[in-house]
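S.K.: Sequence:
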Amino acid sequence: MLITASAAVVFGLITIILVRTQRTNAMTALPIWLSGFTAASTGLAGPVNQGLTALAHLLASLH
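Sequential numbering from 147 applies to the sequence shown in my numbering.
Think of the hints as simulated: they come from the structure by calculation, not from any bench.
A hint or two may mislead.
Restraint-style ranges between C-beta atoms, simulated for each label pair [stated by the list, open to error]:
(1) 151 to 209: 36 to 46 Å
(2) 205 to 150: 29 to 39 Å
(3) 209 to 150: 42 to 52 Å
(4) 167 to 208: 30 to 40 Å
(5) 209 to 155: 31 to 41 Å
(6) 156 to 209: 36 to 46 Å
(7) 207 to 152: 28 to 38 Å
(8) 209 to 162: 28 to 38 Å
(9) 152 to 198: 15 to 25 Å
A virtual CB, placed ideally from N, CA and C, is assigned to each residue, including glycine.
With the sequences and hints as input, model every part of the structure.
M.R.: Next up, the structure:
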């Protein structure tokens, strides 16, 4: 029997496990969770990529 899971679901589960075992906090886990949409090329991949790019540009512009 073949079992499949999308990358978004896998990243989501990994993120939940990391937060629950206190290996990371929610602010660090957020980029991990968002990258699941990008890795899976879901319908949210475009807006998530644009949001992450905007955030990166914002952080880079802070001196």
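S.K.: Hint by hint, say whether it matches the structure.
M.R.: Hint check results:
| no. | hint | verdict |
| --- | --- | --- |
| 1 | 151 to 209: 36 to 46 Å | 42 Å, holds |
| 2 | 205 to 150: 29 to 39 Å | 36 Å, holds |
| 3 | 209 to 150: 42 to 52 Å | 46 Å, holds |
| 4 | 167 to 208: 30 to 40 Å | 32 Å, holds |
| 5 | 209 to 155: 31 to 41 Å | 39 Å, holds |
| 6 | 156 to 209: 36 to 46 Å | 37 Å, holds |
| 7 | 207 to 152: 28 to 38 Å | 34 Å, holds |
| 8 | 209 to 162: 28 to 38 Å | 36 Å, holds |
| 9 | 152 to 198: 15 to 25 Å | 19 Å, holds |
Hint compliance for this structure: every hint is met.
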